[in-house]
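Residue numbers (the working numbering), protein chains in the order written: chain L, 1 to 268; chain A, 1 to 352.
It is worth saying that the hints were derived from the structure and are not from the lab. Among the clues, some could well be false.
[As the list claims (entries may be wrong)] Derived list of chain A stretches under chain L, where covered just means 3 residues or more per stretch with a C-beta under 8 Å from a C-beta of chain L:
{"no.": "1", "stretch": "91-102"}
{"no.": "2", "stretch": "296-302"}
[What the hints assert, rightly or not] Some chain A residues close to chain L (C-beta under 7 Å, calculated; not the full set):
{"no.": "3", "residue": "Gly10"}
{"no.": "4", "residue": "Phe13"}
{"no.": "5", "residue": "Ala50"}
{"no.": "6", "residue": "Pro88"}
For glycine and all other residues, C-beta sits at the position ideal for the given N, C-alpha and C.
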Amino acid sequence: MKPASRAGAWLAIALGSLYFLLPLIATFEFSLRMRRESYSLEAYRVVLTDPGFQSAFGYSILMALLTVITSIVLVVPTACWIELRLPRMRPVIEFITLLPLVIPAIIIVFGYLRLYNSSSWLPLTGNERATDLLLICSYVTLSLPYMYRSVHSGLRAIDVRTLTEASESLGAGWFTTLAHVIAPALKSAILSGSFLTFAVVIGEFTMASLLNRPAFGPYLQLIGANRAYEPSALAVIAFLVTWASMGLIQVVSRNAAGAGAKRRLPGA
Amino acid sequence: MAFLDIAHVGKTFGAASVVNDVNLAIEKGEFVTLLGPSGCGKTTLLRMIAGFESASSGSIHIDGHDVTLQRARQRRVGMVFQSYALFPTMTVADNIAYGLKIAREPKSAIAERVEQMMKLIRLSQHAQHYPWQLSGGQQQRVALARALASSPRLLLLDEPLSALDAKIRVALRDEIRALQRKLGITTLFVTHDQEEALSLSDRVVVMNEGRIEQVGTPFEIYNFPRTRFVASFVGTLNILNSRVLDEASGLVEVDGQTVTVARLRRSGHGERTLALRPEAVVLESPLAGRNSLMATIEEVNFLGSVVRLRARLQETVLSFDIFNDPGQTLPQRGSRVALGFSHDNLLELEAS
Ligand SMILES: Nc1ncnc2c1ncn2[C@@H]1O[C@H](COP(=O)(O)OP(=O)(O)O)[C@@H](O)[C@H]1O
Ligand SMILES: [Mg+2]
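Next comes chain L alone, as it looks inside the complex:
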């Protein structure tokens, strides 16, 4: 590469980094200034000891975990089934799973409210547990593109059809095959999908707010409207959670790639 174009590339990277990092650094810097005299972690202490934060964050983590589990149970068998028995349905399913990226969350949640309000045939907004269920369902929908994509590309990487047939000819039923052959082979794909889902759900605002559930997103918004330094601290925490999820995806997929790339044993 010519020196001039290399310099151009570095300039682009530097500008891009500034564009992303500057607001983050500024937010972080601001979050340290709660005490007038010096930098401190006072804002973080206040936030982390606030019972409101603890319950909101705990609630969101719980919702995220339940979403991840539901999503795995729903997506893995579906994707396998499509791959094995209904390959012609693949484009349809792909289209459906991409819809949540195109349709704004607010439209989805209004749809839910119309369908499941207290005067509908299946009232889910009446009590809190039922609304939690509705929230999880909406989160599953929201995370469908991420989970389905991950699992689907995982399935493509292994020969599911032949593995399933090999397992069947050894006497295994459909569930045994799924649990002992396919799911383990999809482990890293499922984990990637899970961390993405977790990252998406943990800070989600629209659905939780409109369904009036005490999640981290609405809490963030509430604090943001009423306090000065704490919102910055919360923003940094939210970023850290997302980054941790992304980092774990990297670790997981690197391990999976490493297993395949490791050299054959001598004499093998």
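Given the structure of chain L, go ahead and fit chain A with the ligands onto it with the hints provided.
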């Protein structure tokens, strides 16, 4: 009824008829090969026997039981795939143990059987390795052990050697056969490689376009092909189009020259298709009691111990081999030669 009995089995995919009225009886302990060109329906037939595909018509019996409507997992039929299909997250030992665990064998019995199978395929030292750590040949041996571990009634192999390189292919081929003899398991082996089929099998089933063309021992299939397809697919038989001149003496005409056929299968005049094995033809001047054809040498291929020659009559082209002899000069391209062979080397094929 034979151990594996396939009666009038057919398979259609939509409008396409892929397997047509196949009848086949295989005895216990036999090693039978399905041989045919790619796309002739071998895999489909095998998959119907395994239970991965349902038969559109006909019935399949294994050991006296009708399995036509049974699921694959109920059939106790071992299957080996071209792509090995080992479970990627399981070790060699766990792969082999899989079927036994599903059958809920006691732990100690499983361990013992796995040990025994790994000894049979000579991979005991690789017990704790994963499939990706093994070579193709080793993986296929594990797949074989996995299929055999739970003592299936029948072993099916779909082109198990096609993904391997030539040297390993021959070695593993012999190993499969030795293992099959040792265990006495009834085996159906699919291949498109005629050498593989002829060298391995008790009997060969030649298939073409979803039909069985001929069933016989390798000796019969190679020496006495019944149809033009079998003759041209198995070995390098020469095909001669002839016209009967005198039925009683077996005199026929080929490209304007006359030869005698020892035995004509059918009576009547008209066109007949004849086959002539390359190794039956020699360069010799016409002799009484033998056939002789004048031809022009078109191609001389020096292959080492043998020299492969190709000669043309008019329409008909004949290939034949002569042994290399340093004391002899080879015929030149374009030279006229006399080709000799005996009357019973001309084989009449069934009308196609
Ligand atoms: N599931 C299927 N749907 C439609 N056609 C099929 C299917 N499986 C196989 N075929 C067709 O059946 C024919 C025979 O295939 P196959 O049994 O795989 O042949 P072989 O194993 O002898 O190469 C091919 O023309 C193939 O395209
Ligand atoms: Mg095939």
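We went through each hint and held it up to the structure:
Residues of the stretch 91-102 of chain A lying with their CB closer than 8 Å to a CB of chain L number 3, which satisfies the three-residue condition for coverage. Taking a C-beta to C-beta cut-off of 8 Å, the stretch 296-302 of chain A contributes 0 residues in contact with chain L, too few for the three needed, and the coverage statement is violated. For A:Gly10, the shortest C-beta to C-beta distance to chain L is roughly 22 Å, which exceeds 7 Å, and the interface hint is violated. For A:Phe13, the interface hint is violated, since its Cβ never comes within 7 Å of a Cβ in chain L; the closest pair sits about 14 Å apart.
Interface restraint check: A:Ala50 against chain L, minimum CB-CB distance 6 Å, threshold 7 Å, status holds. Nearest Cβ of chain L to the Cβ of A:Pro88: about 5 Å, under the 7 Å cut. The hint holds.
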